[in-house]
Structure formats: structure tokens, C-alpha cells
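Enquirer: Read off the chains here:
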Amino acid sequence: MEQALKMRADTSNASDFKNPIVSAKNVDVFYGNKQALFDISLDFPANQVTSLIGPSGCGKTTFLKCINRMNDLISTCKIEGNIEIEGQDIYANSVDVVALRAHVGMVFQKPNPFPKSIFENVAYGLRIHGLTNSKTELADRVENSLQKAALWDEVCDRLDEPGTSLSGGQQQRLCIARTIAIQPKIILMDEPASALDPIATAKIEELIDELKTNYTIIIVTHSMQQAARVSQYTAFFHLGELVEHGKTKTIFTTPKDERTKNYVTGRIG
Amino acid sequence: MNRHFSVRSKHLATRHRFEVIFKWFGRISIFLALGFLVLMLAIIANMGAGALQQTRIALDVPLLQEGFDINYLDEADYDGLIKSALRQRFPDATSRSQKRQLNNLLSIEAPFTLKKYVLKNPDTIGSTARLWFIASDDVDLFFKGSIELAPEGNAGRLISEAVAWVNELKAAQAIKTVFNFNFFTGGDSREPELAGIFSALVGTALSLLICLAISFPIGVLSAIYLEEFVAKNRWSDFVEINITNLAAVPSIVFGILGLTIFINGFGLPRSSPLVGGMVLALMTLPTIIIASRAALRSVPISIRHAAIGLGATPIQTIFHHVTPLAMPAMLTGAIIGMARALGETAPLLMIGMVAFIVDVPDSIFSPATALPVQIFLWADSPERAFLEKASAAIIVLVVFLIIMNLSAIILRQKFQKKFCKNNF
Amino acid sequence: MNIKTAGFLKNSFSSRNRLREKAIYIILIASSLVAVGTTAGIILSLVFEAARFFTLVPITDFLFGLNWSPQTAIRADQIGSSGSFGALPLITGTLLISAIAMFVAAPLGLAAAIYLSEYASASQRSIIKPLLEILAGIPSVVYGFFAALVIAPFIRMSGSGFGLEIASQSALAAGLAMGIMIVPLISSLSDDVINAVPTALKDASLGMGATRSETIIHIILPGASSGIAGSMLLAASTAIGETMIVVMAAGLAANLTANPLDAVTTITAQIVALLTGDQEFDSAKTLSAFALGLLLFCVTLALNSIAHKIVKNYRVKYE
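Top to bottom, those sequences are chains A, B and C.
Going left to right, the first sequence walks through residues 1 to 269 as this note's numbering numbers them.
Going left to right, the second sequence walks through residues 1001 to 1424 as this note's numbering numbers them.
Going left to right, the third sequence walks through residues 2001 to 2319 as this note's numbering numbers them.
Bear in mind the hints are in silico, worked out from the structure with no lab data behind them.
Positions of the beta carbon are idealized from the N, C-alpha and C atoms, including for glycine.
One should not assume that every hint holds.
What the hints assert, rightly or not - Which chain A residues face chain C? A few, computed with CB under 7 Å, are given here: (1) Met70; (2) Arg101; (3) Met106; (4) Asn112; (5) Phe114; (6) Pro115; (7) Gly125; (8) Ile128.
What the hints assert, rightly or not - Computed cross-link-like contacts, DSSO-like style, restricted to lysine-lysine with a CA-CA straight-line distance of at most 30 Å: (9) C/Lys2129 - A/Lys78; (10) A/Lys110 - A/Lys247; (11) B/Lys1010 - A/Lys135; (12) B/Lys1010 - A/Lys185; (13) C/Lys2129 - B/Lys1023; (14) A/Lys116 - B/Lys1023; (15) B/Lys1144 - B/Lys1099; (16) A/Lys148 - A/Lys247; (17) B/Lys1232 - C/Lys2022; (18) A/Lys18 - A/Lys185; (19) A/Lys110 - A/Lys78; (20) B/Lys1023 - A/Lys78.
Claimed, not checked - If you anchor each label on the Cβ, the simulated ranges turn out as follows: (21) A/Thr136 - C/Ala2302: 46 to 54 Å; (22) B/Asn1121 - C/Ser2168: 45 to 53 Å; (23) C/Arg2125 - A/Thr164: 29 to 37 Å; (24) B/Ala1013 - A/Asp28: 31 to 39 Å; (25) C/Ser2225 - B/Ile1028: 21 to 29 Å; (26) C/Leu2261 - B/Asp1092: 47 to 55 Å.
Turn these sequences into a full structure, and let the hints steer you where they fit.
Expert: Dropping the structure here:
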């Protein structure tokens, strides 16, 4: 564990929470009559990686989906409390979810490239949001995004092949490329490496570390090692409650709460 | 990078406008389709409502003693009596065409009404009988307002004098409408005012019974065989493809099959409900097989294991344990298949159930027609009054369809509930 | 059975029971053969009679002839030599009416399916779906009645308002009614197909900030296109085989035309005209109905097989 923590330089610092980019206050989430999240208050510093950990069913993915309002798609889901991004309440009536989701990108658990060519997968977001003015600009942005996602060298000679023809890890990096193509500020990742083999996982983790210079990343993971490797901050969820939140190093080495301690030492999970 | 998610750019506004238009496109499509349905049924119901009413005309018929031989009452000239009574009532009819119209005020059934009355009440001979006779179809349509009065004074085939007579009858309160029982109890007739759907209904009922008796057992048994006993191999694939394709064969082709094989090949009686039912059964078979297989599949595997574990043979397991559980869903499939068969017309035309049938069929071998065929025949007929009958028959057909489909839905819902309980 | 088997194993199942099970098994097989037998019966009856027809009229004359007038065979010695049996006007008439029907049903059905699967709430869906099913449940004789007696006169009337001569039995009236009838066929099949597109793809698109309509147009429809094509083919095959609407609303005038305002006739309408009423069984006139039946059977069978294959491949793609 100690070793894992040393893998990446600790870039967290005390001023991070003065100006959090995402700030959730007293968030309750209900599915029908069942309450899934209880009074969650959590801030996310800009240009850092925060991981949400906890046993399955603890509500970490539910919370993640609140941040770009993907929970709106579930008709029975009801959210109380407020979530602000750059000081703006994202559940306010004036908010346009389309614009919000362009601002807060999402990478899913299973790689889900569209049944289109590799190029079109990345170009899709640029096209729908009308972000490019010419074909060359589009091609440039696609190339740029693929490079940032560390996929360009592997696919540059076969951009016309379907996205589904790639390997699992490549597919996931393609999904990351298409997300960063539209230049969001925040990227949500829902267990992005859980369906991948260790080598592909390592590549994704490396990528996450590089991306944090330009993006704020919130990642849900079931692997504590992964949380330790990629994130500067960690929040531990248990049974719909936020148990503990702080620097990743602190959470893993000197947790305050007994439940956190049990979880990170593998006694519950 | 200064995009803000609550400020709507022009591009975003265009996208949202398109979204709204797109959504309305779907709404309007559904509205158009359902609107057509409502409009169609409303127009047909409106066209057919008149058929539930029958126009009757009161006429005083003098039953003069010398017109009757008391021993041969049924040979009296009832037709003449009616004609002279009409001439007496409207003495202004003098020309040939006027007299013809006068005789055409009442249905040709009028003499039979009179005869029946006299046979029942022979003591009234010598007096004057006031009877309500069924009006002819032309008078019927005009009196019910289905035919507009033309500027020249005539209404449809009624000349202006006849229109005046009807108005005079109206003034004298000697014309009225009553509920048309005859429509539900009578057979077909060349005279629209006398035509009813009863013989067609009986023909339909007999055909559907045959259809059910053949297709349900065969359908369920083949579903059991295909679902429970056949290993997946070339043969089962072949049968499977066969059934799917059979379900999509145009219905008229089944009619051709019935004509060549059942009638010309086996020599079964043409136009009979037996052949009609057999053809419909073959058509319904794929529906029932597909529904029954789905029903069998939905029975939890644990029930099979339980029965086999107790030492039941596969056949015992299927017939004692699985099939009873699947039965409601199978019945639902059967009802839906029957509902489809109820409306089938084309194959019945092929096997000759299109003949003009007045009598109620008394067996599955006697010539019969069916309700949808009756609608086709009436719709095809030049007499305007038959359109009213056809529309009313459509309403009856649709009511039957709704009843059948509703019972299928109710059955299905009950079935689903039961299974949910089993699962938990 | 092994003679040495212990008694309790041997007697647990008497030979009478075994016989009964065998009989039931045979009954089961026989039942499943009925469906196969039906197909065989259809093919045999069509092929035999059609073959007799083709000895009287060459198959090329039948398929490519421009003139259809089987009624002209008046005297017995004229059989085969008189009357024209060129089915092309019937084929074009059938295609014209089916095309009109598809022109109505394809956009309506697809839009309804999209709305139902992507926009409607569960409660809306539970009401609208059965209502649409009613459209398919109404017998075609009712649509035929409505087309012949309400739509056709209406079209004729509105046509004369524009100074257009429209036949009292126009292809348009029959096609419109048929189109509405097959809307639920397309909508329910397309609905299934659209629902089979994985939610992960929809979520990915929506998660990038695509609107629902963009997701539908760029992600769902391209993904579901083959399945939708399959459902369109099935609907087209139903339209081609539909009989009562065309018998009642399209008439029997064998015109070779692409004008939807003209009267046309179809394969099915001609079969009905040829085989109802009294027939002599050896005349080319009667036998031509079987040739038409065979043509109809082959075309619908081909369409269905292609459609089923497409839909099956589609399912495999997203299993």
C-alpha cells in the first residue's frame, strides 16, 4: 500500500478546497420511496483526481451520476439538496442539461464506443455541439483528442475502422478521447477499468494522471489500489452515507472512522 | 473556455428547437394513426346507427268477409288487400308510376304480416284491422333522415308524391320507428329493410368453433413437442422456419388451399362452416403455436425439476405440471387467434362462403356465410339501404372483437400476477 | 430392459403406461407435422394448378405481358387462345398500392415507435400501445368498407374541387387505408428493435450532452437500421398480400399506371374475382388465379425470409 502511494507525486495541497470546482451540499437521493443517499456534502478541488470508494451498492455511482444529471434519465429518481459547479447550482431551472453534460463528461464502466468508425466516435460530440467550423479543424481536434487519450499511435492508420473493432482497453481510451474532444472541465469516470485486464488498466491509470493537468477528474472505483494510485483525494461511502473524505494518503494510512479502516484493510467490502 | 451551462447559445437554441419539433413529430404520428381509428369508427357508427331503427307505417286494412274462405285462410289475397288499403288511404295516386310508388311504401313483407295477423285472429274478418307494417327501405331511409330531400321534391327513389304521403303519415302519426329486432334475429334478404345478421352470426360461430376445436389442441400439442421434446437440430429448425413463414402467408393463399384440397380434393361441402373453420384453423395455427411456446417457456424450470425429481416421466411432467401452469397464456393466445379469425374475409370468399344465404345454417355442412363476408356483400350491393346494414354489422363485429381482446388482456394480467407471486 | 433389474425398478412403470406414453409422443409429432403439411399443401396446390396454366399460357407471357383481360374467353373452343394473361398491370398495381401504404405507414409507424420507446412515460406507453394494436386488430374488411365508401368519395370530391378527374376507385384510397392498417405492425416491430439497442450507447451519447433527438438520429437509428428495415419488409409483405381492402376499394380495372389517382387492380383482387362464383375448372381463366397465387406466395415468402434473416442477424449483433 505504501508503495502504491509513492507511485505518483503528491500534488495535493492545502489551498485546494478554497475554491472547489464541484461542491455538493446536503444531497439526498431517492429511488421511488427508497433513499439511496443521505445528506452528502462533498467538495472537489479543481485539476485533481478524487476517487469515490466503498462497497458495492453504497451509492457512489449514484452520487457520480448526480454531477452531470444522468439520474434525470431515471423517472423515479428524485434529488434534494444542491450541487454547484463553479458556483452555479446545476439543478436550477435555468440550467440546460445539454450544456451541463458538455461541461461534465462521463466515461462508463463498460467501454461503449458507438457503432461508428473510430474517427466518427470522437467527432460525434464535436459535430453535435457544433464546436468546429471546418473539416480540417474537425480532423485536427479528433487527432488531438486521440493523442491526449494516448490512442493516436495505435489507431492513426485505421481511423475508418469501427470503434468496436478495438481491444477493450483501446475502446475505453477511445471513450475517453471522445469525452475530452468536447473539452469538458470535469470528467466523471464510473469504474473505467473494471472490465479491463491489468495492462490496459495501467494505461488508463497513467492517462488519468496526465489528464488531471487540464481536467478535474472524479472516479468511482471498487479497487482501493487504484484509488491509491490515481487519486489525490478519496471519499469513502458506506450504505448511502459519506463516511470520510480527505487526502488519499490520509484515508489509507490513518483513517479516522472505524468503518473506513475496516474497508481499506479489507475487513468489509 | 468560457462556456456556461445556463446561457443558451444560438446553436444550443437551434438544437433544442429541433428536439421539440422531433418530439412533436412522434406525437403527431400517434395522433394521426389513432385519430384515423376514432374517425373511422365514429363515421361507421354514425352510418350504421340507423340500422337499429326500423320504420313502421300504420295502415287500416278492411278485412272484407267476401275476400276470405274460412277454410283456406292462408290462400287469401293478402297482397291485394294491402294494395287496395293503400289506394284507399292515398286516393290521389292515379298514374302508373304513382301506383307503383304507392305499393312500394311498404315492405314486400307486409302481406305476410297481415296473413299472420289474420291466421291468429280469424274473428277480426269483417272488421278493419289497423296494423303497423314494416316500411320499404326507401321510406325507411327518408323517414330516418338518411336521404336528403332534393330541390325537385323527390328523395332518393321516392318521387315527390311519395314524399308528400310520408309527410302526411307523419302528420297523422301513422309512421314511427321501433327498435329493429329483426336485424339481430333475421337472415340476409334481398330487401334491405328485412335483412339481418343472424344467419351470418351463426355461420361465424360455427366456423370459429371448428377453428378452435382444430387449432387449439394441435397448436398446443405441437408447441409442447417443439418446446419440450425436440433437440435443436435441422428438423426443429425446419419446422420453426416453417411456422414463422406460415404466419406471414397472405390469408387468401389459405383460401386457395381450402378450395383445392378441402373442397376439390376431399370433396367437402362448398360454402360450409366446416371448410371455413378448417381453413381458419390452419391460419390461426402459427399464432397459437407461437403463443403456446412462449407460455411453456415462461414456466419456471424449477417446476419441471420438482416433478422429474418425484419420478414423473417427461410426458407426465409436461401434461400434469407444466401445461396447466401455461394454460392461461395459451388461452390468451387462442383468444387472440380467434379474434383474428373472426375478422378474416378473403379465405372465406375463396371457399364459397359468399353465397346469398337466407336460412340459418343448421349444421356445419350446410351452406353458410360469415359476419365479415356479410359486410362485404352488403357493402358491395347497389342498394343504399344496405350500407346502413353493413355499417351496423361492422359495429357488431368490432364489439365482438373488443370483447375478445379485453378478455385476453384480463386473462393475461391475471396470469402475470400469479407468476409474480410464484417467483417471490 | 435388463432381466436382472431389481423388482422395484421393473414394476414402477407398467408396460401399459409405457405404451400410452409412446402413443402420446406420436400424437405430439403428428401435431407438429400439421404446420409442415399445411405448407406442403399450399405449395402443391399452387404449383400443380399453376403448371397446368403454364401449359396453356407461356410463363413469359404471364410475367411480362402488358394486357390482362381473362374475361374474354367466351366460347369453349377459345380456351387458352383467347383472353390475355399478362400479369404486369396487376404486379404494378399491387406495387403501387403497397408503395402508397408504405409511404403512409413507414414515417408514421417509425415516428410512433421512436416516441413510444424514447419519449413516452411508462403510463403513456401502457395506454398508447394497446390502442395502436387495435388498428391492427380491426379486420381488413372494415378498412375496405371505409376506403371504398368514405375515403374514395372524399378524394374524388376534393379532387374535383381542384378540377381533377379522379376514378371512383383510386389506388390512393386503398393505399391510404392499408397504410393506416399496417402502422402498428411497423411501430411494434420497430419498437422492439429500438429497445434492443443497448442502453450503454444511449447513456454515452446523452452523457456527452447530446439531446434525445440527436441520440436517436445519430446513435439509435443507425444502430437499429437493419432491424427497422426488416420490420419494413414484413409490413410491405403484409401490404402485398392484403386482399379485402383492394377488393373493395381498388377495383378490377387492370390499368398499367403509376398514377395513384387512377383505378388499378392487384394480384389478390384478381384472385378473388377469378375464384368466386361459378368456375369451370379447366379454363385458363380459373387456372390463372393459381398462377397469381403462386406468384403472390413466392414474393411474400421471399420478403419474409429476407426480413426474418435481417432481424435475426440484428438480434445477434446486440445479444
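Enquirer: Hints the structure violates: just list their numbers, smallest first.
Expert: none
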